[in-house]
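Protein chains in written order, with the numbering used here: chain G, 1 to 228; chain B, 229 to 541; chain R, 542 to 1040; chain U, 1041 to 1721.
Check each hint, because a few of them may be wrong.
Claimed, not checked - Derived lysine-lysine pairs resembling DSBU-like cross-links, with alpha carbons at most 30 Å apart:
no.: 1; chain 1: U; residue 1: Lys-1603; chain 2: B; residue 2: Lys-282
no.: 2; chain 1: R; residue 1: Lys-851; chain 2: U; residue 2: Lys-1682
no.: 3; chain 1: B; residue 1: Lys-514; chain 2: U; residue 2: Lys-1633
no.: 4; chain 1: U; residue 1: Lys-1152; chain 2: R; residue 2: Lys-917
no.: 5; chain 1: R; residue 1: Lys-1005; chain 2: U; residue 2: Lys-1682
It should be emphasised that the hints constitute simulated quantities derived from the structure, not laboratory data.
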Amino acid sequence: MYFVPNPELGNKIIILMAALVLVLQIAAVGQRGIISSIRIFGVQSFLLAGIATVIAYFNKAEHVYVAAILTVLLKAVVLPRVLERLVEKIGIRREIEPLINVPLSILTAGGLTLLGYVVAASFYHPEETAGPAALGHNTLPVAIALFLIGFFVMVNRRKALTQVLGLLSLENGMFLAAISLTYGMPLVVDIGIFFDVLVAVMVLGILVFRIREAFDSMDVSKLRKLRE
Amino acid sequence: MIQVIANSGLQLLVLLLVAPLFSGIIKTLKARLQTRRGPCVFQFYRDLLKLFRKGMVIPETASWIFSGAPYVYFTTAILVGLMIPMTTTYAPFSLFGGVLAVIYLLAFGRFFLALGGLDTGSSFGGLGSSREMTISAIAEPAMMLALFTVALGANSTNLSEMAGAAVSQSWRFLAPSQMLAFAAVFIVLIAETGRIPVDNPATHLELTMIHEAMILEYSGLYLALIEWGASIRQLVLMTLLVNTFFPYGLSSEQTLFAAGMGLCFYFAKVLLLAVFIVLIETTNAKLRLFRVPELLMVAFILGALALISTFLF
Amino acid sequence: MILFGLLIVPLIAGPLSFLLRKRSAMEFVNLSAFTILLGLAIALGARVLWSGPVSLWNGFFYADALSALVVLLSAFVAFVCSIYAIGYFRRDEAEGVFLENDEPGETLVEQKLREYYTLTPLFVFSLVLVALANNLGILWVAIEGATLSSVFLVMFYGRDTSLEAAWKYAIIGGVGLSMALFGTILTYYSAHQILETETLSGLNWSVLIGHAAQFDKATMRLAFILILLGYGTKAGIAPMHTWKPDAYSEAPIPAAAILATGVLNCSIYGLIRFYILTAKCLGPQFSSHLLIIFGLLSVAVAVPFILVQKNFRRLLAYSSIEHSGIMVLALGWGGVLGILGMLLHMTFHSVTKPLLFFCAGNVQQHMKTDLFSKAKSGLIHSMPVTGGAFLLATLAVTGSPPFSLFQSEFTILRAAFVSGYSVLGYVFMAFLIAIFAGFLAHCANLVLGADPNLPRDDTDGWKKYSVVGLVAVIVILGFWIPAPLFKLIQSATAIVMGG
Amino acid sequence: MTMLPLGAVFALSLVAYSGGAVASLLSWREAGLARRICCGTALAGAILTGIGGLLALVQETPAAWSVSSGIPLFSYSFTYDALAGFFNLVLAILAIAVSIYSFSYLKEFEGKRNIGVFGFLFHLMLLSLTVVFTAANAFLFLIGWEVLALVAAGLVAFYHEDRASRRAGFLYAVMSHIDGGCLLLGFALLIKVSGSAEFATFHNIAAQMSSGELTAAFLLFFLGFGMKAGIIPFHIWLPAAHPVAPSNVSGLLSGIVIKCGIYGMIRIFLDSFGVVPSWVGLLVLIVGVVSAVLGVLYALMEHDLKRLLAYSSIENVGIIFMGIGAALIFRANGHPLLAGLALIAATFHTLNHAMFKCLLFLGAGSVLHSTGTRNMENMGGLIRPMPVTAFCFLIGAVAISGLPPLNGFVSEWFTYQSLLAGYGATGRLTRILFPLAGSMLALTGALAAACFVKAFAITFLALPRELKQHEVHESPRSMLVGMGFLATACVVLGVGATWVLPLFDGMMNQLLGQRVVGHFITGNGLVLAASTPAGGTVSTAVIGVGLMVLLLPAIFLVKAGAKQFGRKRGPAWDCGLPGLTSQNEYTSTAFSKALRMVFSVLYQPRREIQSVFDISPYFPKEIRFESGIEPTFEKRLYNPLKQLILSWSKRMRAIQAGSIHAYLVYIFITLILLLLFGVRP
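In isolation and in its complexed conformation, chain G is listed as follows (with noise of 0.2 Å):
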């Protein structure tokens, strides 16, 4: 190790990084593309293995390397592979319209981002854990809107991809909040938890390719049949 470990320096990158990814999670709300948004994702995902890194080498957690790897790998390379092929394979680019028009929408965002602050505030007190171990306990509210915003991505769109991948951003919020809070959960269940993460995304996939199959359309707001 070259640089000294400056927590302060360490603390503006993952706040640097925790902005972007909120960033991109906005844009992604705001996104119509679905290839773009699959990118988005990866490189949220990419982003988010940087912070789990920074904070790995600046608390010395190395089982968060191990996250962080495994996030790359998973997250910012397969999944946004698998899923392109997925969209390449049904052949379907055609523009998501959202439920909620795009201002509005990204208003809405805003709003979540707001929440996420409210909630992360009630619990978390900086002036308590100050010092190294805090660092990135600040990304906590970026977790949370992340959360949220991944959620309402989910609700506010029609394509069976896109929510999708709503549900990855959601989880990915919670990948931050788990290593800005905790330096990542016990190896063993961070590894099952992208295990199960993984065999997600797979069931999905094959979920949406049947639908499109079946339904010759990818809008899931079409899948009314089972109702009273």
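Guided by the hints, dock chains B, R and U onto chain G, whose structure is given.
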């Protein structure tokens, strides 16, 4: 003991033998008031005797109920008669049934007569039974309420006790509750005995018949039993009325003399009541059937007022 | 050893079935695996009763009375479903159900059966893992695993509607589980501050429970909210219940029965584990109120849908929503009576619900429809056993005496009064009555009536005797509970009460 | 020593019932065998129940047993005390009669219906009844109660191919579940106060409850028991359910099953609550009056024989409620003797109504069995082909009309006496209610008489209307024996009331802590006396004998006259109109027309006349006449309620409209709300 038996025998005899007389008296008096000569007061006895000597025709459609009904009607009337004090405050069967038994035994007779009316299958019988049961159904609560008022005053539902209580409190009949109750029971008496303005015993007009329609198919001995029973019932109700509300002349002793004196008083009172009935009958027109409930409702209200006035005054 | 066996048996049975070709071999593997599983679950119960909690791998797996009870119930359901499944799929095969959508050929049948017989053991494995995992993170992983393995079971018939149901199931379940994971992270965080450990045991329930009182209260509050929403989604608590009717009506009957009982129990189990922590940390008030609100809401939501239901399998789903609501409500009312009532309810519900599903399955295969309007009434004439059992099961599931759910509902209601929620008790009762009316109206109309002159069914022994056996079980349980089982429930109650 | 025979008898009866249930079910393939088992074991069980009931009534020391269910909270405890004994005795008498009756009655099921299932349900009904009466804790009581309800619903819907039966069974089950729910809540309240589900711990529980709790508990129990007993306005299931059940079951339903409500009220209000505020009694009394009057008024308008009987059950339950209400009021005002009088009125009427209502239902069953219809407008003249049935029915009709000397009169007389006594024993404002209630009872009695004149006459008398006379037959012997048994009971309970009454003493002692029956018998044990301030005496024995004695000379007279002057049969005179046919006869509707007009405010009668004509309206080809009365409670109360619930439910379906986005929105909004809730300081 002998006096008790004698008294009971006397009461039974009065019921059996004198009841038709009062029916006759009412008929004659009514005719006189209407400036007709009218039948002799003993005409009713002659009618009965004649009926006793006639053969009977039982409708082919009828069953044993038709034949059984007159017996029940007749016997219940007598049994009821024995429960009501007549000449002294003592009634032979008073212990075995009070006001409630009286009303329900009368209902028992009516029940069977109504069955008898329906048994023939003729529409008149059904008509009579239906009307009779309807009117009695509405009359009964009024009667019960009025008699309750008296019973509550006397602290007993037994008629001997009620009469005894009446005797012990002189001028009680002037109490508003008694007057109101009397009025109520009187209206019920009119209805139960089938008199104007509720029913007209003298007509066999389809639209107006009640009691007569019910017994239209009876003949001979059965008819005699029914007519006789009806006159006994009438006397019984009149007795109930006079002796619970105007117990004058009733002695609480069981002597022959007291009984004799009581008998005289009793006849006088019943006669007075008969005159009263005749007056009502001649001065009123018969009501339409569906106005009768209104009249009985009045009786009910009178009974309720009587009850309320017992603790108002 | 028992724990190991419990986990390894289904884990082997699944892949083993995948390798097999013959139907009867797959059936045999499943049936014997689940028989062994049930035996092991009983052994676990006995062991826990005898010598207290069991753990394995340094506390990675841990089984106290509560886990033993949940494992026992899962194993029981899996066992009866494996019996029923044999008859069920044979009938499906005989009627050519699998040939409808794809190209004809025998291979598809085998492929489909293999899919079921492989996935179900894995599904059950996840359910067992849920109850045996000491680590709350692993518990989450296991529930997620159960969800993922059952998505394909929901999709099993490959109809458009199955896809739709599977999608809704996967997405809503995914969202719900994300919330649960978030809750788990927050719990870990609040424990992390106290324990200052990054090892695996930092999420172990048996460790956490000892320190729960010192956890950060604000964090635990949020954590519990997220856990309630998350595991509530899996348990089908309103308003997160919406996936249930779809998934239950599309999955093959045995899978639906496991979903309706096993998954429900495991989700409630997860909720209970967190409830214990929360109650220790925040006192019972906070969680009670939330649980009561959501529980009562679930029961309330079930009412109108049950009253005007058109589809008898969706009816069962709403009943399942009602029952998870009742369990949550009981947990909220709390006290010894409430908890005992809840655990009794969980037990009895797990016995009753499969029966109802089996009857519905028999009817569906007989009438070729799951709509009341298309099914001819007068079922009792052509299917006397199923018809009678359906009526009994209807009565049982709506909490009528003498069936056992009455006992738990009675206890729960007593808990309501004792804990001072008598007004809610009245409301609760009113809902139960409405549900009874709705249920009975539908089922009586289906079962009774003039003879529609359908051919006599009820011939398959597997299907028939699984129904008859369950009827016998619910009738017996209505009058008498084996003492060890009650002991187990009692010690589980003590765990929930005291941590 | 004293407990032993009772215990053995009770256990044996339970064994007989449950064994019979299983045996019937198992023998369902052999219809004849199933029938014999069904009736035989039921008869055996009923006799055992009867012996048990008598033992419990006589020996007075309650016997108790308890069996564990595996859960300490729930144990099966039984207490066989005098109250239980009384109701078991009533049950036994009916069950004996019905079992005998069923030997032949069930024959028509053979080959058509599953007698095994019938026997199963029938035995379970008897079993659950006896369990309800002997249960010593809330848990067992509720189990018995609900099982009874479900089994009875099953029997109501036994002819389930028929839509009306199905609907009635369903209505019955739902209403029963509602009343069961009320009881469950009520017991939960009591258990909360007492800390235990055992009835023994409920003793005098009213003293420990706050007034709010007491009010809630009372209302819950009143609703629960009242609904079971079929009081107005919770009665709608009763006229729907009782007619459609097989007639032997109808007899038990009206005879004893609805009496469970009465039993429960006595058990809880008198035995458990101890002294309750007098408004409680007043409410019971007023509801009783309303039920009695409305019940009989609705009965009058019926032309379905069994529905008529069902409505009349509502009336009689009302009369019983009057007695219970009066007893509660007296107890609240500290008059145990009067309470005893009122309670005897209520329990005696319970017994009596059980006898004659069951008898009438069995009679109606025989008629139905023979004619195949319940519609009285089609009957008539049945007294000739079915003389014994007719005679038994007549006894029942006289008894139910409260006419002396039969049993109905005795209990109504006691009711009157207790109502009259209330005048002197209560506060100024409430006292006026008592005689008014009495007069309403008189109205009820008179209307009941009218009603049963109609029921008997239209069914059995005059010419047959739309029946093929040759097909109509007298019932087989066992059915007649069953009816005869009950008819005898009606007479014995009436004429022998003073000998029966001492049986009530143990029960009164248990409930009121005082032996009261001695006060009510005088005159060498021949005369019933209400030794109250406004008492009275009556002797049905003397009235009965008196009627007989007076009847003899009258009969002799008429016979002699007939011998001498002739007695012949001829065509009915009918005011000289020849050719009397059944079309001339008064029908059931015609008979009740006068009352329909009088009480038109209540009935809201509706009539519709449609004439079909070709050329001119003056020459109608065909006239259709339709008339009916408004089913007020269904129309004004239940149907709107049902519609409201269903339409609201339908509207609620929009929640589950299939849109996954909507589903996610629910979760999202819940999440946000809860987060905001969670972060509050």
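### Task
Check each numbered hint against the structure and report the violated ones by number, ascending.
Hint 5 contradicted; others consistent.
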